[in-house]
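Below, each chain spelled out in residue letters.
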Amino acid sequence: MDLKKIWKLVDELRGKKTGMYHKDFLLTWEKSRDELDATFLVADILRGMREANVSPKIWDSGIAVSNFRDNSTRTRFSYASACDLLGLYVQDLDEGKSQIAHGETVRETATMISFLTEAIGIRDDMYLGEGDTYQREVGKSLDEAVKAGVLSDRPTIVNLQSDIDHPTQAMADILHLAHHFGGLDKLKGKKLAMTWAYSPSYGKPLSVPQGIIGLASRFGMEISLAHPEGYDLIPDVVALSRKQAAASGGSFAHVNSMEAAFKDADIVYPKSWAPYNVMQQRVPLLHEGNTAGLKDLEKACLANNAKFTNWECDEAKMKLTKDGKALYMHCLPADITDVSCKQGEVAASVFDRYRDATYLEAGYKPYIIAAMILLGKKKDPVATLSHLIERGLVRNLD
Amino acid sequence: MDLKKIWKLVDELRGKKTGMYHKDFLLTWEKSRDELDATFLVADILRGMREANVSPKIWDSGIAVSNFRDNSTRTRFSYASACDLLGLYVQDLDEGKSQIAHGETVRETATMISFLTEAIGIRDDMYLGEGDTYQREVGKSLDEAVKAGVLSDRPTIVNLQSDIDHPTQAMADILHLAHHFGGLDKLKGKKLAMTWAYSPSYGKPLSVPQGIIGLASRFGMEISLAHPEGYDLIPDVVALSRKQAAASGGSFAHVNSMEAAFKDADIVYPKSWAPYNVMQQRVPLLHEGNTAGLKDLEKACLANNAKFTNWECDEAKMKLTKDGKALYMHCLPADITDVSCKQGEVAASVFDRYRDATYLEAGYKPYIIAAMILLGKKKDPVATLSHLIERGLVRNLD
Amino acid sequence: MDLKKIWKLVDELRGKKTGMYHKDFLLTWEKSRDELDATFLVADILRGMREANVSPKIWDSGIAVSNFRDNSTRTRFSYASACDLLGLYVQDLDEGKSQIAHGETVRETATMISFLTEAIGIRDDMYLGEGDTYQREVGKSLDEAVKAGVLSDRPTIVNLQSDIDHPTQAMADILHLAHHFGGLDKLKGKKLAMTWAYSPSYGKPLSVPQGIIGLASRFGMEISLAHPEGYDLIPDVVALSRKQAAASGGSFAHVNSMEAAFKDADIVYPKSWAPYNVMQQRVPLLHEGNTAGLKDLEKACLANNAKFTNWECDEAKMKLTKDGKALYMHCLPADITDVSCKQGEVAASVFDRYRDATYLEAGYKPYIIAAMILLGKKKDPVATLSHLIERGLVRNLD
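Residue numbers (our numbering), protein chains in the order written: chain H, 1 to 398; chain Y, 1 to 398; chain F, 1 to 398.
In short, the hints are calculated from the structure, not lab data. Some hints could be false.
[Unchecked claim] Taking lysine-lysine pairs in the BS3-like style, the calculated list, with each CA pair at most 30 Å apart, reads:
no., chain 1, residue 1, chain 2, residue 2
1, H, LYS325, F, LYS147
2, H, LYS57, F, LYS186
3, Y, LYS147, Y, LYS23
4, H, LYS4, F, LYS186
5, Y, LYS322, H, LYS147
6, F, LYS295, F, LYS16
7, Y, LYS57, H, LYS147
In this text the structure is predicted, and so the values were computed from the model without any measurement.
Pulled out of the complex, with its shape left as it was, chain H reads as follows (with noise of 0.2 Å):
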C-alpha cells in the first residue's frame, strides 16, 4: 500500500464519530457502527503502513497482558503480532504461575498487573454465563483502580473470546468479506449462511457463531442460520441479530437444515458447536472437576452428534450456493474430513478449494487486534495516526 492511499484511509476515519477511548472492546454490538467502521479503518491504516515499511509504534515501552484461560495459538500470536507492533511487550498472566489460586481476588489481581500495563487480553470461553462477566469484573476493577489514583492510566481490554462474542474473529471475518467483495458497502444483500457441522469433537465455544451473526447483521445482510434441533445459541443473541439484521436492511432466517441455509448463499460458515444446554450442565461439572460426569456428559453429547453426520459442507451442498461458488468461511482450524478426522465439518475438496482463502482471512486478526487496543487506547486517533506516518520511522532496515 503506498502512502497515498494510506492518508486516504486517515482521511475516512475522519469522518467517523467514535467514542471508544478509555472503553473495552467486549462485544461488537455495544459499538456503533462508525466504531465498526473506525475499527476496519485503523486496521487497514497498520496493515498498509507495515507494508510500506512504516512503523506504527506507538509506545517506546509498555505491558501488554495475556491471559488465555484456554488454549489457543493463532489468537495468541495475533494478539502478540499485534502488542509488538505498537510497542508493547506481552508478558502473559499464566494462572497456574501465579499466586491467583491462592485466593487472590480478580479486583486484585487486575490491578497488581497494570502498574504499567497499556492493554489487557482475555480469553475466557469455556464457561456459559462467565466469560463476559469476568471481563466485564476486569474492566470496572480497573476504573475503580483509576478513579482511587492507584493507576497513572486505564489500560483497555480486548475480548480474546468469551462465552457471548469472539470479536476479534468475527471482526477479522467482516474485514475479509469487506475485502473479497470490494467494499463494507459490498456486504449489503449478500446471503451469509451459518450453519452448525458436525464434528467429532464436543464442547466447541458458541461465541464464533454468535460473534458472526451479531456482528453481520450490522451491515444488510441476509443471514440464515441453521443448526439441527437442540443446537441453540444464546436466544439474546439470536433475537439482537434478527432485529440488527431487520434495522440494517437485511434480514435473518432460522432454518433447519444446512441444505436451506446454504441455497443460493454468497458466503457459507460451517462451524461445529457444542448444544447450548450441553454447555449449561458442562459449566458445573467443570468448576467441580468432576471428570466422571465430563466423560458422561461428552459420551451423550458425541452419540447425539452422531445423528448429525450429514451436516458436512460437502461439494453437493456447495452446489447448492450462488453459483455453485459461495465463499468458504472458517475461524480454523477445520474438522476436515479424512484430514484432520474421519468425518468432519467440510470435505477435504472444498476445504482445499478455499484453503487460502482461510489463511486469508486469518491474517486480519492482528490487525484488527492492534486497531482495537490504539482505539481504546487515544483519544485522538486520527492524530496520532497521522503523527506515525509524518514520523516515517523505517520498521525493517534494508
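Chain H is fixed; fit chains Y and F onto it per the hints.
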C-alpha cells in the same frame, strides 16, 4: 510530575555517595544510607519520567533473566515492567524447560544465560539457608566469567525474594511510607508494628518481616516486633535490626502480643509467616521430595497455628493504634477473614478501608526494581539520567 | 572492537558470493564455503558492533517464533538473545498451550504463526528421520503461503538442532576454533578427534557429532571419528564428511578407540551419543508413548554403554594429543566424572582446565544465530550492515 521537579530529584541524587556499580542488590543492610536514598530517588525519577511521558529506555536491546523458583504474580509483573521500561527483554529461566535438572552446575548456567544479559532477577525463598546462598553463588560465577573474559559485561543481580530478605518489597514499602508521611525524614520516631498474624496456610517465608525490620530500622523508626512463641525470625536479622534501630536514633522492641505492638503505632504490618524451626525442618523434606513428611509437618504446624487465630488485625486492635488510624500495610495477597478464607490475617472491614493504600504501596515496586537495575549497571547514574531526560524521547505517542 | 576493524570485516563480506536470501539454514553442507564464511563474518561484525556499543537493531517490530520440541537452556537463550539484538520479539510456539494436538496440520500452523513473523527457530532432535523432515515441511508451507499471497514476506527458518545437524552449535564451534587458532585458514591440517564418550545417560542425539564432522570437513582438517562398535552415526553423513574432507584438502579417518583418535590431535571433542539402531528403535516407542518399551530399551542401552566406561577423556588420554595440549571442546553440559555424575565423559581436572574455553565456545552461538537470520532475511547484507553502522544508534546509553 513536571520536568523541573524531576531535575530537582536528579540534583538531590548528585549529593549521594554511592558505590553500587557492578554490585548486586541482595540485602538492604549491605547498602549504605546514601545508597538506599539513591535507590528511592532513582525510583521517583523514573516514575516521574514516565508520568511526564519521557522514555527512560536505556537499552536498545539486552536480556533480563527472570528466575522464579517460587510462584509470583505481582513481583513477576513488577520485574517485567521494570525491565521493559529500561529496554530489556525478559527471558524466563524456567528450570522445568531447561536442562538444569540434567546436572548443570549453577556456575555454568549463570554464564550460559548471560552472554547478552544486563540483569538477573532471582526469587528463591522456599529453602531457609539456601536462597541467599544461591544468589551469591550466581554472582560469584558471573564475576569469574567476567574475569576470564567469557562475559563482556557483568549482569546485575536483583534479589526478588530470598530466604533472608525481600528488598524490592521492603524498599517499595518504605518509599510508600515516605510518600505517605511526606518524606524519608518524616519516618523518624514513627512507630511501626511488624507483627505475625494468623493464616490458614502455612510455610510462608520469613523474608517479608525480616526485610521490613531490617530496612525500617535504618530510618529512626520505633519498631515493635510481635509474634507468638516459636514464630521467631532468623536471630541474626533481629539482632542486626535492633542495632540499626539504635544507631539511627530509633528503637526496637520485641513484644509478645499484637495488642502490645499496635499500641500507639503509626503503621501496622500484620502478616503470617512460618515458625523458624518449621522452616528448618521443611528444607530437608523439600529436598527429598518427601510429600508425606511435608504433609505431616503441615498438619502439625497448622494445628499449632490454630492456637493463635486471635492474632487477627481487627477493628478492636486498630483502635489501639495512634488515634485509631495507623496506616495498614501488607505485601499482598492478604488472607482476609470471610473473604479469602474463614479466618485470616485481617478483618474485611479493616482491609477494605486500606485496600487502595496497599495497592499504592505495591505500585512502587516496578520503579524500585528499575532503580536497582540502573544503579547496578551505570557507573554515573546522574549522567545517564540526565542524558535520558535531555534526550526527551516520547514514551507514548499521541 | 573498533569501527575500523568492523568496516574491514564488512569489506571482506563484500567479496563473498552468497545466495542465502529467503533460504533456510538447515544443514551446513547445503551451504557453499562462501556462505559459511559470510555467516562467520556477519557473526563477528554483529559481535563487534555490540562491543562498540552500536545497535544492530534491524527491526522496529516483528516476531521470532521459538519452537522447541526438546529441552534447552543455552540454545533457547542464544536464540532469544540473537532475536532481541536484531529487534525481534520472541514468541514461543509451545505445543502444550496450542491447539496443534487438536489436529492442525503443519501447513496451517506454519502459516498461522507467520503473519508478522521474520524468523522461526526450530529444535526437533528426538526423532531420528523426522526432525529435518519437519523443518522442511514448515519451509515448504511458508513458500506456498507466500506464493498464495497469504504472507507478505517469507520468514527464515533456523535449525536449532535436528536429527541430522546442529548447525548453530557446529558453526559456533568452528568460529571458536577460527578465533583460537587465528583464522579459518589456520584450521587446514589441524587434527580434530570427534569421539564418543561414556555417559550414564542414554539417548543423546547424533546431531552434534554429525554436525561437527559435516562442517569441520569443509576446512581441510584431519578428522578422526571414533566410537565403540554399534555407536554409528547416520552413514550418509559419515560418507559425505569423508568426501568433503578429501575435497577440502584434509582427511577423514574412522578409528575404533579414543586413544587412536586423540593421537597427536590439535582438538578433541569427546561426547556421548546414542547408538544409531537404538535411536531407530526409539522413534516408534516415542510415538506410541510406550513408556515400558522405552524403559526396557534404556536398560538394555545403559547395560551396553556400561561396557565402555573407559571411553573417558582423562589426563592419560589428553597426554596422547599434540604436545599433550589439544583444545578440549564440548557443546555443554558435559557429564563430568565425580562432578555431575560418578563416571562420565570427561575427568574433572581436564574439564576444569578447559572450562573457560568451553564457555567462550558457547558465547559465539547468539551471534551465529543472529547472522543466520540476517543472511536469510536481507537481500544485500553488506548494505544493511553498512546502514546499521552508519546509523550509529547507541545500544546502551551511558
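Looking back at the numbered hints, which does the structure fail to meet, lowest number first? As far as the earlier hints go, 2, 4 and 6 are violated by this structure, in ascending order.
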